[in-house]
Amino acid sequence: MSARFAGRVALVAGAGDGICRAAAVAFAREGARVLVAGPDPEELAGTLKLIRDTGGEAHSVVADLTRGGSAAAARMVDAAVERFGALDIAFNNATVTGPNSNVADIAEDVWADTLAANLTGVFMAMKHELAHMESHGRGVIVNTACNMANSGRLVGMSAYAASKAALSALTRTAAHEYIGKGIRINAISPGPAHEAGADHADGATAEEVAETVVWLCSDEASFVVGHDMVLDKKTVV
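Mapping of the sequence shown onto this note's numbering: residues 1 to 237, in sequence order.
Among these hints, one or two may not hold up.
Claimed, not checked - Simulated DEER-style distance windows between Cβ atoms:
1) Gly-85 to Asp-105: 33 to 39 Å
2) Asp-40 to Lys-181: 30 to 36 Å
3) Val-110 to Ala-6: 23 to 29 Å
4) Glu-57 to Phe-223: 26 to 32 Å
5) Arg-138 to Asp-105: 30 to 36 Å
6) Val-155 to Glu-207: 25 to 31 Å
The hints are simulated quantities; they were obtained by calculation from the structure and are not laboratory data.
This one's a predicted model, so the numbers in the text were calculated from it and none came from an experiment.
No residue lacks a Cβ here, since even glycine has one placed at the ideal position from N, Cα and C.
Using the sequences and the accompanying hints, generate a full structural model.
This is the structure we're talking about:
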């Protein structure tokens with residue numbers, strides 16, 4: 001097991017599978033102690049098993065940022081600090097695609113739910129993560145945006161595109177606010193992540209996305225601030 005993140009604590013929030021699971025496993029492989037947070041306890045348990053089976057150290061907390069809001073965000077940050085004594089890294093990977101409808105056909109409550117999951121939930125997470133990190137003068141945050149959010153090509157997915165474009169803007173603005181306080185903030189914008197070996201021309205595997213997240217959180221990326229990194233083979237215009 002690598003010592004790249006030895007002595008550091010990483011919070012992976014959003015779900016217990018897919019990119020979240022791959023990132024949690026990757027952080028643990030690099031020596032971090034990992035707190036995984038999400039709404040499904042069975043998925044979280046599966047992630048913990050993968051980490052512990054390879055000698056990693058991890059803990060989980062059930063936290064639904066969409067429905068639980070600020071209280072859920074506070075609970076997961078508190079859990080990391082209480083369990084491991086610190087919070088050095090946070091990866092916020094909340095992603096709900098929402099309806100496949102043209103703008104005029106989107107129900108108002110569905111619009112609100114999509115923004116609550118993809119934007120407000122991440123804002124709540126950042127609010128509590130930043131409060132802890134600022135008090136300690138250091139930290140790294142990575143958020144998951146979307147590679148097509150700013151291109152206007154997500155036809156029928158306006159709520160999703162709007163929420164992810166707003167998250168990208170929030171990430172860049174927060175990065176400028178907090179870099180002077182020792183906290184680096186960036187985003188990733190992957191295409192559709194898929195299982196290794198699947199027949200997709202675009203989009204990385206969850207493991208490939210996770211490796212980018214790990215790099216962004218490492219000392220090797222110490223001068224990368226306020227970026228939204230597109231992870232796709234296509235050129236977005």
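Structure-based check of all given hints:
{"no.": "1", "hint": "Gly-85 to Asp-105: 33 to 39 Å", "verdict": "50 Å, violated"}
{"no.": "2", "hint": "Asp-40 to Lys-181: 30 to 36 Å", "verdict": "34 Å, holds"}
{"no.": "3", "hint": "Val-110 to Ala-6: 23 to 29 Å", "verdict": "44 Å, violated"}
{"no.": "4", "hint": "Glu-57 to Phe-223: 26 to 32 Å", "verdict": "29 Å, holds"}
{"no.": "5", "hint": "Arg-138 to Asp-105: 30 to 36 Å", "verdict": "46 Å, violated"}
{"no.": "6", "hint": "Val-155 to Glu-207: 25 to 31 Å", "verdict": "29 Å, holds"}
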